[in-house]
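Colleague: Chain by chain, the residues:
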Amino acid sequence: VKTRLPSDKELVILRLLRDGSPERYGLELVNASDGALGRASIYVTLARMETKGFLRSRTPPKDDHPGLPRPRYKITALGEKVLRAAEAAQVVLGAGLARVGA
Amino acid sequence: MSGTDMFNDDDDSVGEKGLNDAAAAPGEAGIPADWKPSNAPAYIIWCKEHMAAFRSVTYYTHSKARVVSNGHDAPASATYPRPTGSFAIFTAPMRTALTRVSLGRVGTRHIRIARPPAGRLVGVLKWVLTPRAFEGMIAAYVAQEQSEYFKALCRHEIWYSRFIVVRMYGLIGYNALCALTTSVTRLIRRSG
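Protein chains in written order, with my numbering: chain G, 1 to 102; chain C, 1 to 192.
Hints may be right or wrong, so weigh each one.
Unchecked claim - DSSO-like, lysine-lysine: derived pairs with alpha carbons at most 30 Å apart:
1. G:K9 to C:K126
2. G:K9 to C:K151
3. G:K81 to C:K151
No wet-lab data here; the hints were simulated from the structure. Remember, it's a predicted structure, so these values are computed and weren't measured experimentally.
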């Protein structure tokens, strides 16, 4: 199965979902990212990550307020694997750059 | 109906008991037969200190009833059950759009009647966009903003709740435009 590489924003989301609470709302991720994620683009990014298989969303039938229920997002096994690979690649790249003195 | 508000519930002591009364079926408890229930959902929001309660109410309109107040003329509307358990007719506040006639403050500091914002826009976008685009981008964002809207109402931050609605319309418009542009671009690429 061909897996597309995650973007910087997607890596931030994957880290937040792995290190924080297991299930989070979109706006919780925006608030926890310290400005790395924007309110306008968070759901577009989350939808794209769900298409790639990095995330799984669950919408409860009823929420604690009137109106539409908020979906909660959870990292998948593929998402964790991709995050580990990206972090390992960053370590290798950082070591290589240090060796050449960049 | 005259210019005075027919719903003069200034009693600030309406408690949880009144809110949790069972809703009566239409036609009961003296509701006139010519008042018709509308399809739009409305909610009584009861907030006191850090507590919040939401209860669905039926929203009635009348084809001929009008409210005339200080030169403003608007159709009358009502909700049932109101917090005190009887049928209530609300007047149109000044400088209020006709579509929001009955959805204002009900008279006590802790109780409001409101609808989830952007309901009509969501209906239109559900029809225009693909299910995947709608669920992934629009519905998730609207749900989040509706939650913030009701939290702001419970904190009595009326102007912030209005700002949330404006922000939501702006961002929904932006997201819908992006989704439509993407769909059109894909169609053009496939065809050419």
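Colleague: Does the alpha-carbon distance linking K9 (chain G) and K126 (chain C) stay inside the 30 Å limit?
Modeller: Given pair K9 (chain G), K126 (chain C) holds - Cα atoms ~28 Å apart, limit 30 Å.
Colleague: Compare the distance between the alpha carbons of K9 (chain G) and K151 (chain C) with 30 Å, and conclude whether the hinted pair is satisfied.
Modeller: holds (28 Å)
Colleague: If you draw a straight line from the CA of K81 (chain G) to the CA of K151 (chain C), is it 30 Å or shorter?
Modeller: violated (37 Å)
Taken one by one, the earlier hints fail for this structure only at number 3.
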